[in-house]
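*Asks:* The primary structure of each chain is shown beneath.
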Amino acid sequence: MKARVTVTLKSGVLDPQGKAIEGALRSLGIKGVASVRQGKVFDIELDGGDPAKAEAVLKQAADKLLANTVIENYKVDVLG
Amino acid sequence: MKAAVLVFPGINRERDMARTLRLVSGRAPAMVWHTEGELPAGTDLVVIPGGFSYGDYLRCGAIAARSPVMDAVRRHAAAGGLTLGVCNGFQILCESGLLPGVLMRNQNLRFICREVYLRVERSDTPFTRGYNAGQVIRVPVAHGEGNYIADSETIARLEGEGRVLFRYCAPDGMIDPNWNHNGAINAIAGILNERGNVLGMMPHPENHVEASIGPTDGRGLFAGLVEALARAA
Numbered sequence: 318m319k320a321r322v323t324v325t326l327k328s329g330v331l332d333p334q335g336k337a338i339e340g341a342l343r344s345l346g347i348k349g350v351a352s353v354r355q356g357k358v359f360d361i362e363l364d365g366g367d368p369a370k371a372e373a374v375l376k377q378a379a380d381k382l383l384a385n386t387v388i389e390n391y392k393v394d395v396l397g
Numbered sequence: 070m071k072a073a074v075l076v077f078p079g080i081n082r083e084r085d086m087a088r089t090l091r092l093v094s095g096r097a098p099a100m101v102w103h104t105e106g107e108l109p110a111g112t113d114l115v116v117i118p119g120g121f122s123y124g125d126y127l128r129c130g131a132i133a134a135r136s137p138v139m140d141a142v143r144r145h146a147a148a149g150g151l152t153l154g155v156c157n158g159f160q161i162l163c164e165s166g167l168l169p170g171v172l173m174r175n176q177n178l179r180f181i182c183r184e185v186y187l188r189v190e191r192s193d194t195p196f197t198r199g200y201n202a203g204q205v206i207r208v209p210v211a212h213g214e215g216n217y218i219a220d221s222e223t224i225a226r227l228e229g230e231g232r233v234l235f236r237y238c239a240p241d242g243m244i245d246p247n248w249n250h251n252g253a254i255n256a257i258a259g260i261l262n263e264r265g266n267v268l269g270m271m272p273h274p275e276n277h278v279e280a281s282i283g284p285t286d287g288r289g290l291f292a293g294l295v296e297a298l299a300r301a302a
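Chains E and C are the protein sequences, given in the same order. Convert by adding 317 to the 1-based position in the first sequence; the result is the number in the working numbering. Convert by adding 69 to the 1-based position in the second sequence; the result is the number in the working numbering.
Simulated from the structure, these hints should not be mistaken for laboratory data. Since we're looking at a predicted model, the values are computed, not measured. No residue lacks a Cβ here, since even glycine has one placed at the ideal position from N, Cα and C. Mixed in with the good hints, there may be bad ones.
Sample of chain C residues with no beta-carbon within 12 angstroms of chain E, all distances over it, derived [stated by the list, open to error]:
#	residue
1	G79
2	E107
3	A131
4	A134
5	R135
6	E164
7	R174
8	N175
9	A219
10	E279
11	P284
12	D286
Partial list, computed: chain E residues near chain C (C-beta under 8 angstroms) [claimed, not checked]:
#	residue
13	S328
14	L331
15	P333
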């Protein structure tokens with residue numbers, strides 16, 4: 318079973334990397350980008366086929382390691 | 070003083086730290102590998118040195134903070150044992166939950182390697198008894214992610230409880246954004262846990278302890294620890 322955990326910075330947390338990327342896009346002449354926030358994506362393969370169990374495992378993984386919940390939010394998607 | 074220096078893959082300041090501990094206390098520390106489940110018996114100071122544990126993968130200090138030896142450090146700290154984290158060690162302490170907050174990318178996005186001035190805010194702690202409150206010391210920093218932040222409630226608590234021990238300052242001790250190199254909130258360079266036995270700081274006091282190399286302003290921290298432990302014994 319495949320799943321994806323997406324980790325993003327909470328709103329209000331300064332994201333200098335996103336700002337730098339935003340500046341680089343502007344200097345490339347790519348127009349229409351209002352702002353950029355950088356995050357992380359984890360593609361995870363799971364044993365077993367129970368989506369509810371998978372979601373519980375991924376939440377545990379995100380809370381314990383993948384995200385620092387002081388500054389980051391996460392989203393769990395079980396892709397089947 | 071019976072010190073233990075933790076060693077993780079990718080840590081590179083452990084020998085500077087061991088050298089300083091030996092120099093100031095007269096006793097070589099134990100070097101403790103990250104897979105150890107216990108600290109050496111009788112350890113009275115745990116030091117988490119600087120470097121790049123696990124290559125800063127995921128987040129600085131994130132993986133080291135979940136290693137087996139950190140459970141032993143949690144037990145040591147919970148029993149009141151002194152714990153010092155420098156640079157990556159500070160990041161590891163924050164990631165492990167032993168200290169609040171997070172160290173973010175430096176505001177100017179650059180790795181900063183230079184001498185800084187720090188104002189010592191209090192002298193009545195085991196870590197700062199070798200200094201006077203308000204004293205300005207000169208020590209080096211070397212980090213890309215030292216920009217300390219926490220939610221406003223946590224910052225208010227840290228400030229209200231006098232748990233900010235070091236701040237980046239101008240040479241005259243004034244707090245000035247131009248001297249707050251990494252953009253840390255309230256120019257915070259080092260903080261104490263609630264109980265007062267765990268200190269995390271970004272600068273490297275262990276690198277300024279020998280007159281043959283340069284300033285010796287870092288020595289006070291280690292000399293103070295030796296004294297505090299001798300008194301407690």
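*Asks:* Checking a non-interface call: every C-beta of chain E should be farther than 12 angstroms from the C-beta of C/E279. Is that right?
*Replies:* With a cut-off of 12 angstroms, C/E279 remains clear of chain E, as the shortest Cβ separation is near 35 angstroms.
*Asks:* So is C/A219 really clear of chain E, every C-beta pair being over 12 angstroms apart?
*Replies:* violated, 7 angstroms
*Asks:* Can you verify the interface hint for E/S328: is its Cβ closer than 8 angstroms to any Cβ in chain C?
*Replies:* violated, 13 angstroms
*Asks:* Interface hint check: E/L331, Cβ to nearest Cβ on chain C, cutoff 8 angstroms. Holds or violated?
*Replies:* holds, 7 angstroms
*Asks:* In terms of Cβ atoms, is chain E entirely out of 12 angstroms range of C/P284?
*Replies:* holds, 31 angstroms
*Asks:* Would the least Cβ to Cβ distance between C/R174 and chain E come out above 12 angstroms?
*Replies:* violated, 5 angstroms
*Asks:* Report holds if the minimum CB distance from C/A134 to chain E is greater than 12 angstroms, and violated otherwise.
*Replies:* violated, 9 angstroms
*Asks:* In terms of Cβ atoms, is chain E entirely out of 12 angstroms range of C/R135?
*Replies:* About 6 angstroms separates C/R135 from the closest Cβ of chain E, which leaves it inside 12 angstroms; violated.
*Asks:* Would you say C/G79 is clear of chain E, with no C-beta pair closer than or equal to 12 angstroms?
*Replies:* holds, 17 angstroms
*Asks:* The output says C/N175 does not contact chain E. Does that hold with a beta carbon cutoff of 12 angstroms?
*Replies:* Answer for C/N175: violated, closest chain E Cβ roughly 8 angstroms.
*Asks:* Check the non-interface label on C/A131: least C-beta distance to chain E beyond 12 angstroms or not.
*Replies:* About 7 angstroms separates C/A131 from the closest Cβ of chain E, which leaves it inside 12 angstroms; violated.
*Asks:* Would you settle whether the hint for E/P333 is holds or violated, based on the nearest Cβ-Cβ distance to chain C being less than 8 angstroms?
*Replies:* This interface hint holds because 5 angstroms falls under the 8 angstroms limit.
The structure does not agree with the numbered hints 3, 4, 5, 6, 7, 8, 9, 13 stated previously, though it agrees with the rest.
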